[in-house]
Amino acid sequence: MIADIFSWIFILGGCVFLVIGGVGVLRMPDLFTRMHAASITDTLGAGLLILGMMIQGGFTLVTVKLFLIMLFAFFAGPTATHALAQAALSMGIKPLLSQDRRPDAVQSDDKGDGL
Amino acid sequence: MMFAAAALAILATMVLAMIRAIKGPTVYDRILAVNMFGTKTILLISVLGFLTNRPEFMDIALVYSLINFIGTIAIMKFFKFSHLGEPHTEDNLGDL
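Same order as they appear, the protein sequences are chains A and B.
Each residue of the first sequence is one higher than the one before, starting from 1 at the first, in my numbering.
Each residue of the second sequence is one higher than the one before, starting from 1 at the first, in my numbering.
Quick caveat, the hints were computed from the structure, so don't treat them as lab data.
These numbers were taken from a predicted model, which means no experiment stands behind them.
A virtual CB, placed ideally from N, CA and C, is assigned to each residue, including glycine.
One or more hints might be untrue.
Derived list of chain A stretches under chain B, where covered just means 3 residues or more per stretch with a C-beta under 8 Å from a C-beta of chain B [as the list claims (entries may be wrong)]:
1) 17–28
2) 41–54
The calculated label-pair distances, taken between Cβ atoms and stated as ranges, are [unchecked claim]:
3) T33/A with M18/B: 14 to 24 Å
4) M1/A with K23/B: 19 to 29 Å
5) R102/A with A4/B: 47 to 57 Å
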């Protein structure tokens, strides 16, 4: 009973983070912010969902396999994201910045207030 | 009940990722959306294994996670170098 309540909490939290990340991928303005939104679903969403399923699985082989899936996702997700960011940067896609905030940069206009 | 709700949320996220994959302005947006779609496919296969009481779906999910990672790296390498094979530059280590 306690285990059911905990796995409900974990799975519902994972679902909320999945949908938040999906909306972020659709609505964020450029590639790098979209990658930021997609990483939410890869870490928190998938992690909480698999944790809830592990509680439901109990001490069986299913839990071991779910743990292996989670372990692999934790190593492969950041690696793929890093390779994607490096490929996009080397192909000349610039991050969308409102203002260059380095101290010696030329401040062209005051439209963005540095947020 | 719990797994049906999880499957619905995963399907909604897959639809959003698919919309981004279709309308993404650059090819990197599409790669990002397809990678995310693959991760959600792994979660959906696991949830379906619980939903239909078939624990052997976990093996399929494990294999699919490996294939998803390799596929993403291969697509990225193909779009960066326009081929998957021999080294592009003079030194053999400079390609990745």
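Do the hints match the structure? See the list:
no.: 1; hint: 17–28; in the structure: holds (count 7)
no.: 2; hint: 41–54; in the structure: holds (count 8)
no.: 3; hint: T33/A with M18/B: 14 to 24 Å; in the structure: 19 Å, holds
no.: 4; hint: M1/A with K23/B: 19 to 29 Å; in the structure: 46 Å, violated
no.: 5; hint: R102/A with A4/B: 47 to 57 Å; in the structure: 51 Å, holds
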